[in-house]
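S.K.: Got two chains here, separate frames each, mind docking them using the hints?
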Amino acid sequence: QSALTQPASVSGSPGQSITISCTGTSSDVGGYDYVAWYQQYPGEAPKLIIYNVDSRPSGVSRRFSGSKSGSTASLTISGLQLADDADYYCSSYTSRTTHVFGTGTKVTVL
Amino acid sequence: QITLKESGPSLVAPTQTLTLTCTFSGFVLTTREVGVAWIRQPPGKALEWLALVYGDDDRRYCPSLKSRLTITKGTSNYQVVLTMASVDPVDTATYYCTHKYRDSSGYGYWGLGHLVTVSP
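As they're listed, the protein sequences go chains A and B. Each step along the first sequence adds one to the number in the numbering used here, with nothing skipped, and position 14 is 14. Each step along the second sequence adds one to the number in the numbering used here, with nothing skipped, and position 64 is 64.
If you are wondering where the hints come from, they were derived from the structure by calculation, not from laboratory data. One or more of the hints may lead you astray.
Stated by the list, open to error - Computed cross-link-like contacts, BS3-like style, restricted to lysine-lysine with a CA-CA straight-line distance of at most 30 Å:
no. : chain 1 : residue 1 : chain 2 : residue 2
1   : B       : Lys-73    : A       : Lys-106
2   : B       : Lys-73    : A       : Lys-47
3   : A       : Lys-68    : B       : Lys-45
Said to hold, decoys possible - Between beta-carbon pairs, the in silico distance windows are:
no. : chain 1 : residue 1 : chain 2 : residue 2 : range
4   : B       : Thr-70    : A       : Asp-33    : 45 to 53 Å
5   : A       : Leu-110   : B       : Ser-86    : 44 to 52 Å
6   : A       : Ser-11    : B       : Ser-7     : 34 to 42 Å
From the three backbone atoms N, C-alpha and C, an ideal C-beta is built for every residue, glycine too.
Bound conformation, chain B alone (with noise of 0.2 Å):
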């Protein structure tokens, strides 16, 4: 069973580097088969794709928002991390760890989600 849970804090300042970890379970993350990525939404608005990993360390960006994220396996096979630079408070809104396979165009699993303001 496929499981992912995201973590980090809830307020940020404007500037300030935001670092979110997705912890998941029922897969590793050492394939190029398998990804993880992270998608956003704030409040009242519609899903926006960020970043992808896959196990082979093959990564993607939002063009838009290339400059400021950064996507990493984490150090054990069960994390991954996202870190934004120079947030502001645009920036406000519930990030979601997800997964998906290679070979599909679909994000199968979904992490709860993790509200983020950024505030001063």
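In isolation and in its complexed conformation, chain A is listed as follows (with noise of 0.2 Å):
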């Protein structure tokens, strides 16, 4: 199975939104509506931030949001905050029902 495909960055200042793409197949993306996004700081352990394509858990900003389309999935970040400055994953459940994760994109506020 191939990585999911996401930009390598995004770039925003404080305030704005930004929305990063993860593209796959039908055969994930585009099969099942089990795309996942995670937040990442350097040294430490991955977040969940997006479940179920567009799901939050719980204490995780509504700043966050997901969708999908077909078989690019989307995170958009609104109100851009310094906080935000990290790696974000996008994930995917596939029809060899294993998972298979984005190649990552790092997001940079200006």
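M.R.: The structure is reproduced here in structure tokens:
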């Protein structure tokens, strides 16, 4: 299974909104509503911020939202804050009953 | 409160077998609704999903690594063991142990990670 495709980097200014894409195939992202997103700071374990395409775990800011269209999922961060400066990964369930992660996106808050 | 912790060797020689143990608390791995997975991250690189076992012993493996991986429930209901055969320097990574519910796509709880270096 191939890694899902994400842009290497996305940047924005505080207060702006940014969107990170996650492109797969009909065998993963396009076939199931089982996409998740993670935020990771350097030297730390990833943190789940979106699951099942658009659901937020308890305690995760409403500024994070997820969506999906066809084989591309998206994470939108609104009201960008300095604390959002981190790496972001998507993941999806696959037709082989496994999971696959994305290539990762570095978000820089200018 | 769910917590997970990875343990195992920090240095492994090439061609050897790596054995990692995940010891957790806050849940028991006895029902089909709960699972524990291993995910790794080479230095400076992306996350890679390795294997998953549910409480009913339903096991899943990364297709490209399936021949080298074995995931098992430990002797207690609070451990999961991952073995990786024939390790190579490209297997150098931080290995994470994680928890998930079957009906959720997300891994909501993670261990701190354990760095394994493969080197002669």
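S.K.: Take the hints in turn and mark each one as holding or not.
M.R.: Do the hints match the structure? See the list:
1. B:Lys-73 / A:Lys-106: Measuring from Cα to Cα gives roughly 35 Å; hence the hint is violated.
2. B:Lys-73 / A:Lys-47: At roughly 24 Å apart (the allowed maximum being 30 Å), A:Lys-47 and B:Lys-73 satisfy the hint.
3. A:Lys-68 / B:Lys-45: Distance ~25 Å between A:Lys-68 and B:Lys-45 Cα, so the pair holds.
4. B:Thr-70 / A:Asp-33: 45 to 53 Å: Given about 31 Å between the Cβ atoms, the range is violated.
5. A:Leu-110 / B:Ser-86: 44 to 52 Å: Given about 45 Å between the Cβ atoms, the range holds.
6. A:Ser-11 / B:Ser-7: 34 to 42 Å: 38 Å, holds
Violation of the numbered hints given earlier is confined to hints 1, 4; the remaining hints are satisfied by the structure.
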